[in-house]
Amino acid sequence: MSMNEPAMPLKNSFLEEVIKESKVDIRACYQCQKCSAGCPVVSAMDILPNQVIRQIQYGRREKVLTSGSIWICASCHTCSVRCPNDIDFAKVMDSLRHLALHSGMNAGEKEIPVFHKAFLDSIKSAGRIHELSLILRFKLKTRNFLKDAGLGWQMFRRGKIKVLPQSFTGGKEVKEIFNAYEKGATR
Amino acid sequence: MKDVTYYPGCSLHGTAREYDESFRGVSKLLDIGLHELEDWTCCGSTSAHCTDEALAVALPVRNLRLAEKHDREMVVPCVACYSRFKAAEAEAKEHPEYLPSPYEGKVSVRYALDFFCDAAMREELKARIVKPLTGLKVACYYGCLAVRPPTLTGVEHYENPEHMDRLMEMLGAEAVPWSYKTDCCGASLVMTRTDIVVKLSQRILSMAMEAGADCIVTGCTMCHANLDTRQAGLPAQEGRGEIPVFYFTELMGLAMGHKEVKKWLSRHLTDPIKLLSNKELM
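Going down the list, the protein sequences come from chains W and B. Going by this note's numbering, the first sequence opens with residue -6, and the numbers climb by one from there. Going by this note's numbering, the second sequence opens with residue 434, and the numbers climb by one from there.
Do not rely on the hints blindly, as some may be mistaken.
[What the hints assert, rightly or not] Okay, derived cross-link-like pairs now, EDC-like style, lysine to aspartate or glutamate, Cα gap no bigger than 20 angstroms in a straight line:
(1) B:K502 to W:E166
(2) W:K103 to W:D141
(3) W:K176 to B:E530
(4) W:K134 to W:D114
(5) W:K27 to B:E592
(6) W:K16 to B:E592
(7) B:K632 to W:D141
(8) W:K56 to W:D114
(9) W:K140 to B:E530
(10) B:K632 to B:E589
(11) W:K103 to W:E55
(12) W:K168 to B:E530
(13) W:K168 to B:E471
(14) B:K435 to B:D547
(15) W:K16 to B:E530
(16) W:K103 to B:D628
(17) W:K134 to W:E104
(18) W:K84 to W:E102
(19) B:K632 to W:E102
(20) W:K155 to B:D472
(21) B:K519 to W:D81
(22) W:K117 to B:E471
(23) W:K13 to B:E524
(24) B:K526 to W:E14
(25) B:K632 to W:E104
(26) B:K632 to W:D39
(27) W:K13 to B:E530
(28) W:K27 to B:D616
(29) B:K526 to W:D81
(30) W:K168 to B:D472
(31) W:K27 to W:D81
(32) B:K559 to B:E607
(33) W:K117 to W:E169
(34) W:K13 to B:E527
(35) B:K539 to B:E469
(36) B:K461 to B:D436
(37) B:K559 to B:D547
(38) W:K84 to B:D628
Keep in mind the hints are simulated off the structure, nothing from the lab.
Please take these sequences and the hints and turn them into a complete structure.
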């Protein structure tokens, strides 16, 4: 950025895009960093929450949408409840994830969006989450079959793992919900 | 008898089975008629709201519409489901375009902990305590979604909540003050970034031990799973290398003398039975 450019571009389409998607006015941020100070997962983030807001204000779409931070966020809402300017940053993070998925860019965290996809595929196919099916579905995608296998066995021995999914009839309506989502009818 | 609709959610039919069993058990002792929502489906959980805002509303609303058919409040023990229902209620009003037809929001959705903390319910409970949990020091762990965001949960003291502490004291236990009541355990990141969850969970476990608690009590399926199963390698404190984690309904059942407490507790990975035997509570 040259010295002649304004620090905040007058026309920032990414900022507008995020505000439109989230309905949260992040222009109110004055960088007090309270969101980052209270964030429980901040140590695993590549861009801190307050920096995410600043980068959006700078219009750096790719940097934000390919960051690991937007997927590391655990949606605990600590940032939102502590923001002195009432910025619902947890909601902004949700919107950034949605934009990232639509952007077609590579996600900054590989497995997390893959897990969400596996989770939603499980709901779509069965209406409810059958945990064992979900785990197998996820492991087939990540090929990491041994991770937590011992823990899974211990849980199985204690009757916590159901081998077969339950049968019930609500699945059809759930499929309709997913069809609407996949067609983009609601967007 | 008080009749309520019961939405168990997916976890209570699987890894959180003892939460389902103990919730049903204490409800029966308190003369609450549970009617499991017929044909319920998944609330969409974290994955739906991380993926699409309309999907995150449509999935819970399908269940809310089913619940509306009955003139009963709906009680939800899984706080992740509860949070999605409350969020969907609010979003459906603000964004009717997310749904094919409007949802009016007539059903009252209650989180199981809040439900048992009602004044009338506490009186019922108080009258049925047969085995006070004397000498048991508990660290009440609320987690995130039981309190945040307060615009949805209605919890006034969301930074330092005390309603579970009061409930535990009523059961005869001693609730220790500590500062990790509402710190996040990492929740669903356990499947993908297990390293983060182990770090966060072990910090919570260590802090509870340092606060002098014998055990942790929670009302969240994900918190319970993370805290109960991720104790390997936990630094020992005063000779203790682990700390049992209860669902609050299990301790309610214990204090009310429920016959199946041992069965519920045998499902935990971190053994809570030894602690209760040492305290002569079992």
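**Message:** Name the hints, by number, that the structure is in violation of.
**Reply:** Hints 6, 8, 9, 10 and 38 contradicted; others consistent.
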